[in-house]
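Peer 1: Using the sequences and the hints given, assemble the complete structure.
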Amino acid sequence: MSNSARVESPLEHADFAGLAALKINGGVILREAKLLGHLNLRGNANDPDFLKGVKSALDLDLPLAPCSSAQNANTTIMWLSPDEWLVIVDGVTEAAIEGKLRQSLRGHFAVSDISGAQTMLEISGKDCLQLLQKSIGYDLHLDSFPINKVIGTALAKSSAHIRRTGEYNFQLIIRRSFADYIWLWLQQSSKEYGLSVTL
Amino acid sequence: MQKYSGFGLLKHSMSHHENWQRVWRNPAPKKHYDVVIVGGGGHGLATAYYMAKEHGLTNIAVVEKGYLGGGNTARNTTIVRSNYLWDEAAHLYEHSLKLWEGLAQDLNYNLMFSQRGVLNLGHSLQDMRDIERRVNANRLNGIDSQVLNNAQVQAKVPILDCSKNARYPVMGASWQARGGTARHDAVAWGFARAADALGVDLLQQTEVTGIRRKDGAVCGVETNRGFISADKVACVASGNSSTLAKMVGIDLPLESHPLQAMVSEPIKPILDTVVMSNHVHGYLSQSDKGDLVIGAGIDSYLGYGQRGSFDVVEHTIAAIIEMFPIFSRVRLNRAWGGVVDTCPDACPIISKTHIKGLYFNCGWGTGGFKATPGSGQVFAHTVAKDEPHPLAKAFNIDRFTSGKLIDEHGAAGVAH
Amino acid sequence: MLHIHCPYCEEYREEEEFSVVGEAHIIRPLAPEELTDQEWASYLFFRKNPRGLHHEMWAHSHGCRKFFNMTRHTVTYQILETYKMGQQPSITTEDTK
Amino acid sequence: MKQINRVDNGGRINRHKTLVFTFNNKTYQGFEGDTLASALLANGVDVVGRSFKYSRPRGIVTADAQEPNAIFQVGSSQATTIPNPRATQTELYKNLECHSTNGWPNVDFDLMGTVGKIGGAAMPPGFYYKTFMFPQSMWMSYEKIIRKGAGLGCSPQLPDPDSYDKLHHHCDVMIVGAGPAGLSAALSAARAGARVIIADEQNELGGSLLCTRQLLDGQAAQVWIDKTISELAQNKNVILLPRSTVFGYFDHNYIGINERRSDHLGEVDHNGTRQRLHKVRAKQVILATGAHERPLVYGNNDVPGCMLASAVSTYINRYGVVPGKTLALMTTNDYAYKAALDWHDAGRKVALIVDTRASSDGDMVKEAMQRGINIVFGHAIIDVKGSKRVKSVEVAKLNDSADKVLGSSVNYVCDTVASSGGWSPVIHLSSHTGSRPVWRDDIQGFVPGETVQAQHVCGGLQGVYNLSQTLKDGFSCGAVAAQEACKGHGNDHDDDLNVVPQIDELSESASMALFHIPHFKPTSRAPKQFVDYQNDVTAAGIEMANREGFESIEHVKRYTALGFGTDQGKLGNINGMAVTAKSLGKTIPETGTTIFRPMYTPVTFGALAGSDVKQLFDPARFTAMHSWHLAQGAEFEDVGQWKRPWYFPQPGETMQQSLQRECLATRNSVGILDASTLGKIDIQGKDAREFLNRIYTNPWSQLAPGRCRYGVMCKEDGMVFDDGVTSCIDDNRFLMTTTTGGAPGVLAWLELWHQTEWPELEVYFSTVTDHWATMTISGPNSRKVLEKITSADVSNEAFPYMGWIPAEVAGVKARIFRISFTGELSFEINVQANYGLHTWEAVIAAGEEFNITPYGTETMHILRAEKGFIIIGQDTDGSVTPQDLDMNWVVGKKKEFSYLGKRSWTRIDNQRSDRKQLVGLKPKDPNFVLPEGAQIVFEKGQAIPMTMVGHVTSSYFSACLGYSFALAVVKGGIDRKGQSVFLPLADGTTVEAEICSSVFYDPKGERQNV
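Residue numbers (our numbering), protein chains in the order written: chain A, 3 to 201; chain B, 54 to 469; chain C, 14 to 110; chain D, 5 to 1014.
Source of the hints: derived by calculation from the structure; they are not laboratory data.
Check before you lean on any hint, since a few could be wrong.
Lysine-lysine pairs mimicking DSSO-like chemistry, simulated, CA-CA at most 27 Å apart [said to hold, decoys possible]: (1) B:457 with D:98; (2) B:321 with D:231; (3) B:457 with D:353; (4) B:321 with D:57; (5) D:590 with B:118; (6) B:118 with B:321; (7) A:159 with A:57; (8) B:64 with D:57; (9) A:193 with D:98.
For clarity, every value in this text was computed on a predicted model and none was experimentally measured.
Peer 2: This is the structure we're talking about:
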């Protein structure tokens, strides 16, 4: 893409920069990890060549256990289903990485660039657990939802993939067209805790 | 039959109401009946009544495994209307509505049939196109029906949120003035009392455990009270149709689902029409006692448990608040479920079967209550004459083979 | 609200994540043209609808998007098992066969 | 403003904090810790309401959820008022305003009461079924009058200023009820390491311990409560929920709890949420809901001053309120003696205790004797005198079987009657999941029956009323539940910690099974003996129902309205069953049980909706260009959850003018449409083609990379359900587009067939709807616009119709598709959505010189209809085949696989020649736009019912054609082109139109091909 091309996250209109400047000290902290590269990867987990190919392209083992994830400096892979993974990479690198995957994979597989289709919200803070539990029916207790676990679930009247990165740290992958709805939901649901936005 | 009237009430009050007659007998089963009707709900009792009244058959029994009117008759949201889309369904429901209009007098039992009007709201351009289509079809079928715009809807129901601020603003509605509500229990009791007076035996606590055949024809039913011989067996047992059919190896294109309904605590009269919305998925009316009577769609899974999932209650109440924000502080008193037999085309089956003397009236899905008298009358005809009533012809079970379905999902929409 | 074990995610999830499809193990006829209209109708519309155990197909729509089957009691709503597509139920009755 | 019934000390109220409140516009004072009911009783208020049917004055009967009479309108404004809260469960707050819900002009002087007295005799159960029938036309008028008496409180008239939310929980052990059983269960479960939630409807945890005088380990119960709560509160695995009513128990151990977070603080809560709905998935559930006391059914038992014995104790011990001066107690058991002893302790007079039993030597009975209280055994109170307050009671001797009274009666002066007929376990929740309660003769009550839930019951719920036993029961129940829930991962703990405190238990004699007190006269002539206060159901009414043949308890309930009040029969159901049983000569279990349903007590609608209200009622979905549309002042249309621009009005324009402008601009120069909402599915794998062959009706084997094709999908019944263009990206990869509304359904449809029927096909699907921002430029100048912002060769030769190319547009990587839904030369530019607005703005800028005109869905609909292109859901309705749409060209004849839907087309009904088929219609009046949805007939002037042969599906005025036109389905329409049809309209007129081809504009399709 040319440098002049303007790029905007689905939550551009929420003006997170302006909200961050308010420096609110809230029980819920929100950051949009925007404009990352998102790749949907499909393939046969029982095929050693597929696993090898992914490893060589991403320098990371494909997480095979249900609801698990793997991460290195530049890449996170989330298990979505027995034959589906979400690969999250730095923004703008997605095309190159898609190319790398296509090069190193053989046989039946699929890669789709869905970087425009979704965005990641990072939610943390002492009240983030209760906030999420308002609209997520899944049990987010550390015993059932440990760090690095990832689930696809219903979030209010939308869907999300949720990954835990710390006791009080979560990543939410949400769809672009629902982003405004989730943002409305977040503002409403975090009222009692205070919402601070960081960049 | 003891005649009911206001004067009678006064007279009986002088004797401390000690001399009221039984509304129906509690007879022992006879050995043989000309017709055994399986199912003592509204439809079964209506079938018995019309069979006795119009076809002169009085050696009839209605067998009911629980108590009369204890199934969906006792669990629905009591809405009566006839504004269905397709000719076949519209004619059947309109026939029924016409019967409703004189039923209290016919049965000498006040069914509290209240023609307060039914609104079906439209929230999108396509909703409005569908409403126009249905209203036009109704009109040309002789069914009173009109399209209202936003302002007309607001005038009819001032407490409805007709503003543009709603998530799905109201664009208009169809209006059937002759539609309304009736007292559901009274419908069963009224038909039961009138049928009993014509000699029909109402056998409660009598459960059919088998259907006996001889030479390919029906010859009676096995029950927990013994075998009852019958020339014809007519099954009208919502929620049990598949079970009965299985007794004789017949498959029906039915699925039985929980259908939930709920009422608020009684509040002073505030809503005097029936308001329904397929789009936001909820509907309500206010009973004469003051309860807001609320319903929604069926639960998606099969269920005979007379209860469904709680999220249906949550979604339905959210829909009610979307339509009526002022009800947010009103409180929900009770929620319950019925079991409805749904057909792939959201229309009933009123049909002979390949077994001589065996008939089924089933698959009314969410729309059975309003059809009670009409269903009973056309089924009585079908059974008595062994020939489908003209209005029942289209509801033959063969339509699933021929492909001539009558798709009323649009008009049936949310349950009612 | 049912609590459903997804055989692919290998854990229990709330009903809101799932959608029900209908009776399980209905196999599409290999040669539809060779069927009578009645046989075709039977495939299209006629279902067991049992009062009791029922094998039914669900989808984990908000989760892994996989279809799977379950054996559930239609009166008590108890779920006796869930199993992956292509597998057979381990709990059956005359009604469900 | 003295609180005449408040004793000087005792109770759990804060006497340092006086709260002023008003009831029926009179000002009163109470204390912090009071309920509205205790405060009114403290102030000596007798009449709190009027009954529903007879308008009889009514007073407070209970101190809990059973209360049938003290049902109020609470709140001071039309936005905040709450209909029907029970005064017994409403905590007093500063400046609380409340009113009675019945009584006109007021509860003390009620004209309706006069009507009730005179007309009441003619209003037995079901009286309305027997009258108001003549003439038929009058029912609606009768009904208006009947409805005047309907309802209790009033709905607010203004929207709710409060907000609500929900919270999901998972736990090992959910405990319902925080009385002695619940608290001890919580202790043992928590000590075993379980995740525990304990909820109680009251403002304080403790249940019956809050008003007991029994000592635990020699100390007041409060000491044990405090110690217990402190231990639980410090355990991070325990959640304590006071003011939280468990209203429903659902399948798979799912529990609904309504927490009242601010109702006790005032009318409105502006900071947080007024109420919160907790939804708990519990591994094990412990029901510790205790029992409710039953009143006895006797003559005029509804006169204010008649109360439950346990309520009397509760008001004295918990609130420091003695609700009268002189007490008469009628009891069938020892336990109720406590009320008389408490009354006596409070320094007020006990006129007598009427014990229906022949004798008792229980400890409390002895205590009462020692105090010199007059006890009459073997007697009953058969009638009460007084209207707005009890003045005296009439006492008579019972025969041995207690079904008759003997001899003569004696009157005793008193102003309060406490009665106790024993206790009914609170089985409601256990019934919610379909479990049938079971009658136990030994405790004269129903207990929870068999269940498939992982459920435990303890304490009063299973008839254990002795405090030490209850605590013991709780401890063991909690331990067992924790063990089952935490199989393998619980704490090693010491059961020895779970020690039942030392309690001096009192000995009790057996109670008597008595529900309905006989009178000298038969029930039908005796003074009214109320069973269900709120619905004015009397014992005589129930007997009359039985006489009339309503014998099933469900019939009795429905005929008399027994149990249909807001207390849902908590107070009266068992007594009603007992009256029925007696009248039918059956036992109570033979008479049947009643099935309790959720809600245990009523739940606020707002709480059930939670935050899913207003704009959060349903997600609104937006495209990447939404902010631009907003800035342009677009009007929006709801399409599924999407907000799509409907049209872009310019100042002063009517909608019709906007549409005309948008249409002409597109046909004559260039228009631009935001088409991002169309569903897009990335299909990859070597069997993708074969898969498409099976799903679509047309063939896909020959579609070359770089080419696009329109396809139609049918369900197995042969009816069209979606359509769209699918493009070949490369040999193993296709991009499918779907309708906006159909997108999720189509993806699920593909997955269904792949996963369940054809897993052997190597193909993967991935939704990319949101990934691409899609803008369609359409019109003769569209190429010129495009050329300004791309270096790609977009000439017709290099890039022909129904092809696609990768290209860079405005500096952004794009896919351009040459497909057309308008019939004009069109380019559909797809870019990654984060670049959507940038690209859109670049196209607009480039198009400025051509007056590029944004258009919305309405113009799109007109332009496509001019071309005869269908819209699924508008021109089809689930009963239309491709053949009906005259689209035989999209039906594969030679495909090897019998693709979805094909077989159904050979059924008899599909072979009919008079199926409704899609055609065009030209109105005779070229300026008249046929209403969409208008029905069509072949012959005009028919009588009703007319024979309808189709309807108008789409209809517009075409600015570029200069006349109006429509699409319609008409029976056998394809062969009727040129014939006239008639449309009888709602205004009574009939218009004529001619059937024609559905393609009105550029029938040869030349314009899109240039």
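Peer 1: Looking back at the hints listed earlier, which ones does the structure fail to meet?
Peer 2: 1, 2, 3, 6, 7
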